Structures are given as structure tokens and as C-alpha cells.
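K.L.:
Please construct the entire structure, taking both the sequences and the accompanying hints into account.
Sequences listed follow chains U and Y, in order. For any residue, its number in the numbering used here is found by taking its place in the first sequence, counting from 1, and adding 18. For any residue, its number in the numbering used here is found by taking its place in the second sequence, counting from 1, and adding 40.
Take the hints with a grain of salt, since some may be wrong.
Not close to chain Y: a few residues of chain U, all C-beta gaps over 12 Å, as computed [unchecked claim]:
id : residue
1  : GLN20
2  : GLN21
3  : VAL22
4  : ILE71
5  : LYS72
6  : ASP73
7  : GLU76
8  : THR81
9  : PHE83
10 : LYS86
11 : LYS116
To be clear about the criterion: a stretch of chain Y counts as covered by chain U if any three or more of its residues have a C-beta under 8 Å from a C-beta of chain U, and this derived list gives those stretches [stated by the list, open to error]:
id : stretch
12 : 80 to 91
13 : 145 to 152
Keep in mind the hints are simulated off the structure, nothing from the lab. Quick caveat, the model's predicted, so the values are computed rather than measured. Don't be surprised by glycine CBs; every beta carbon is placed ideally from N, CA and C.
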Amino acid sequence: DQQVKQNSPSLSVQEGRISILNCDYTNSMFDYFLWYKKYPAEGPTFLISISSIKDKNEDGRFTVFLNKSAKHLSLHIVPSQPGDSAVYFCAARDSWGKLQFGAGTQVVVTP
Amino acid sequence: DVKVTQSSRYLVKRTGEKVFLECVQDMDHENMFWYRQDPGLGLRLIYFSYDVKMKEKGDIPEGYSVSREKKERFSLILESASTNQTSMYLCASSGGGDLYEQYFGPGTRLTVT
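P.N.:
This is the structure in C-alpha cells:
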């Protein structure tokens with residue numbers, strides 16, 4: 019049973035607008051949350067992370083928000099650019115130190 | 041730049057064949073991982089290794105084995121390939137005590153016919 023869920027398989031957004039990607043999890047013992055980005059024919063690359071003791075982390079155009087009570091995190095990309103078109107994976111670190119990944123969200127940024 | 045390379049980008053094998061997928065990293069990382077990526081399921085951990093000759097089962101180890109004889113190299117072995125092992129296989133590595141900031145190779149698309 020998947021412990022990390024990304025319920026939106028795809029997202030289309032106009033260039034310059036905000037992209038909001040959502041992720042829900044079930045395991046309250048996860049201590050670190052990450053977002054990875056994947057282009058076709060390449061491996062995923064680390065994008066941004068957040069510790070479970072924080073509720074927000076920002077890095078340039080990318081901000082991750084964590085709501086522990088709701089077991090929900092989100093990634094905001096502002097402003098969205100054509101190069102942001104990729105698959106985004108949400109991941110969480112479990113008590114064994116392993117990462118549990120969501121199914122991914124395909125983002126398409128249109129001109 | 042961390043580089044993780046995988047021996048093949050595309051591989052086609054027949055049911056019952058023994059398959060070796062090789063992964064090499066050049067950053068002296070202690071930790072190495074093998075995942076498979078399937079549509080709708082994301083990345084699932086098959087096996088990982090904390091050190092040379094060490095291996096730990098991930099979430100879906102059945103039908104797979106691994107070998108880590110040298111620090112930079114981590115091999116995934118399918119003893120007898122089956123059609124349900126058709127997938128994208130991704131290798132990753134990470135350094136030090138952190139297992140989470142992993143660097144991934146480009147992947148091997150394996151088709152078992």
C-alpha cells in the first residue's frame with residue numbers, strides 16, 4: 019500500500035503562472051520530505067526538501083509547504099517556466115532511512 | 041558533478057534469462073540503491089547497500105538479487121527474468137549518513153519478452 023500519494027497525474031499551467039503540486043502521506047513517522055524532478059530519458063534530480071519540524075522551505079522559485087496535521091505537502095513553482103515541464107515526484111524518508119516515492123505528477127507549462 | 045552511470049539504456053531479454061544491470065558512481069558514495077519505476081506506482085526500492093559487500097532488502101526484493109564487490113559498483117541481478125519485470129530500472133547513490141539526497145543514473149528500460 020502506497021504511503022505517499024500524488025493524486026494528480028498531470029497538471030497544465032500557463033507560463034508565468036503558479037504551479038501547485040500536492041502530495042499526501044499516511045505514515046506520521048516520516049521525518050524528511052523531498053521533491054524530485056524528472057525529464058524524459060534522464061534520472062530524477064533532487065529539487066528541494068523540508069524537515070518534518072518545519073512548515074515551509076523556499077529556494078528561488080520553488081517553495082515547499084508542510085502541513086503535518088493534515089499529512090499533506092505541496093510544492094509551489096512561481097513563476098512557472100517552460101523548462102519546468104517535467105514529472106515531479108514527492109518522496110518521504112521513513113524510520114529506516116529509506117525513501118518512499120509517490121507516483122509522480124506530469125507538469126506541462128504552456129506558452 | 042556527481043555521475044551515476046548505468047551499463048545500458050535499453051535492454052531486451054527473454055523469459056528465463058539471467059540479467060545483469062550494472063551501476064557505477066564516481067563520487068565515493070557509501071550508499072547505493074536500485075529502484076524500479078512503473079506508471080502509476082512511482083519509484084519502488086528493490087535493494088540498497090550501505091557499504092561494500094553489504095546489502096539490504098527494499099520494498100520489492102522478490103525475484104532480484106544484488107552484488108556490491110567494489111564501493112563504486114552496484115549490480116542488480118534478475119536470476120530468471122519474467123515478463124512482470126519489464127520496467128524502468130534506476131540506480132542511485134548518496135553519501136555519508138544521509139540516505140535521502142540521492143543522485144540517480146539515467147535508467148535502463150528493460151523489456152522481458
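K.L.:
Are the hints correct? Go through all of them and say.
P.N.:
These are the hints, each one checked on the structure:
no.	hint	verdict
1	GLN20	violated, 8 Å
2	GLN21	violated, 10 Å
3	VAL22	violated, 8 Å
4	ILE71	holds, 15 Å
5	LYS72	holds, 15 Å
6	ASP73	holds, 19 Å
7	GLU76	holds, 18 Å
8	THR81	holds, 18 Å
9	PHE83	holds, 18 Å
10	LYS86	holds, 18 Å
11	LYS116	violated, 6 Å
12	80 to 91	holds (count 7)
13	145 to 152	holds (count 3)
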